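A.B. asks: Below, each chain spelled out in residue letters.
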Amino acid sequence: AQSVTQPDIHITVSEGASLELRCNYSYGATPYLFWYVQSPGQGLQLLLKYFSGDTLVQGIKGFEAEFKRSQSSFNLRKPSVHWSDAAEYFCAVLVGVDSGYALNFGKGTSLLVTP
Amino acid sequence: EAQVTQNPRYLITVTGKKLTVTCSQNMNHEYMSWYRQDPGLGLRQIYYSMNVEVTDKGDVPEGYKVSRKEKRNFPLILESPSPNQTSLYFCASGVSGINTDTQYFGPGTRLTVL
Numbered sequence: 002a003q004s005v006t007q008p009d010i011h012i013t014v015s016e017g018a019s020l021e022l023r024c025n026y027s028y029g030a031t032p033y034l035f036w037y038v039q040s041p042g043q044g045l046q047l048l049l050k051y052f053s054g055d056t057l058v059q060g061i062k063g064f065e066a067e068f069k070r071s072q073s074s075f076n077l078r079k080p081s082v083h084w085s086d087a088a089e090y091f092c093a094v095l096v097g098v099d100s101g102y103a104l105n106f107g108k109g110t111s112l113l114v115t116p
Numbered sequence: 294e295a296q297v298t299q300n301p302r303y304l305i306t307v308t309g310k311k312l313t314v315t316c317s318q319n320m321n322h323e324y325m326s327w328y329r330q331d332p333g334l335g336l337r338q339i340y341y342s343m344n345v346e347v348t349d350k351g352d353v354p355e356g357y358k359v360s361r362k363e364k365r366n367f368p369l370i371l372e373s374p375s376p377n378q379t380s381l382y383f384c385a386s387g388v389s390g391i392n393t394d395t396q397y398f399g400p401g402t403r404l405t406v407l
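Those protein sequences? They're chains B and Z, same order as listed.
Numbered per our numbering, the first sequence spans residues 2 to 116.
Numbered per our numbering, the second sequence spans residues 294 to 407.
Warning: the hint list may mix true and false statements.
Said to hold, decoys possible - Below, simulated BS3-like cross-link-like pairs (lysine-lysine); rule was C-alpha separation at most 27 angstroms, straight line:
1) B:Lys-108 - Z:Lys-350
2) Z:Lys-358 - B:Lys-108
3) B:Lys-108 - B:Lys-62
4) Z:Lys-311 - Z:Lys-358
Unchecked claim - Partner residues aside, some chain Z positions facing chain B, computed with beta carbon under 7 angstroms:
5) Pro-332
6) Gly-335
7) Leu-336
8) Gln-338
9) Tyr-357
10) Gly-399
11) Gly-401
Keep in mind that the hints were calculated from the coordinates and are not lab data.
Predicted model only: the values in this text are computed from it and were never measured.
Cβ atoms here follow ideal geometry from the backbone N, Cα and C, with glycine treated the same way.
The task is simple: from the sequences and hints, build the whole structure.
C.D. replies: So this is what it looks like as structure tokens:
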């Protein structure tokens, strides 16, 4: 089944440092990939998505992600982290199910930002 | 403002007492879905609906029901809640079309079943 794996459960970075969150996908064809962020007590907000075309995708809040087919990866990056980026981050892949579709989410990576 | 709303946001109930969590979207989306989020498990789809009167099971449908009588509403019904349904629930909506979809999520409903 199509799925995504986020190898890191928790990541801690210093404010101002660069960030990379890993996401690996399992899918035969070109996947439709997403990154969502969930701030404490909040719902899910879409950061960016990849359907096709340019493999480097720009999102909101200064985030970007690069689709690498050879590595089956869709890692999220930010050059300089702000304290407000502390949140949980979910990678997801869109899959077809029966008559419709669903987002299969990774288990999430919790980001802690230190002063 | 385009949004997905859920009510209630927080609910504590007891085993066996029927409850409904409402979900409404104002974006005229055909597609709506329910997910539950549990620690260490991420989000898992419960049910989805491709359009009015069209619903189907997701990964974890047991113990839940849904209905889609109107395009904007997609309530989640727990006929006889059990403690293992204690979770954080998210409703989502999107346009149909697998190659163009982006799902928009509601703020979540935190349910505790005692």
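A.B. asks: The structure should be examined with respect to each hint, and the outcome stated for every one.
C.D. replies: Taking the hints in turn, this is what the structure says about them:
1. B:Lys-108 - Z:Lys-350: holds (21 angstroms)
2. Z:Lys-358 - B:Lys-108: With a Cα-Cα distance of about 25 angstroms, the restraint between Z:Lys-358 and B:Lys-108 holds, given a limit of 27 angstroms.
3. B:Lys-108 - B:Lys-62: holds (22 angstroms)
4. Z:Lys-311 - Z:Lys-358: Status holds; Cα separation ~11 angstroms.
5. Pro-332: violated (9 angstroms)
6. Gly-335: holds (4 angstroms)
7. Leu-336: holds (4 angstroms)
8. Gln-338: For Z:Gln-338, the interface hint holds, since the closest Cβ of chain B sits about 4 angstroms away, which is under 7 angstroms.
9. Tyr-357: violated (15 angstroms)
10. Gly-399: holds (6 angstroms)
11. Gly-401: holds (5 angstroms)
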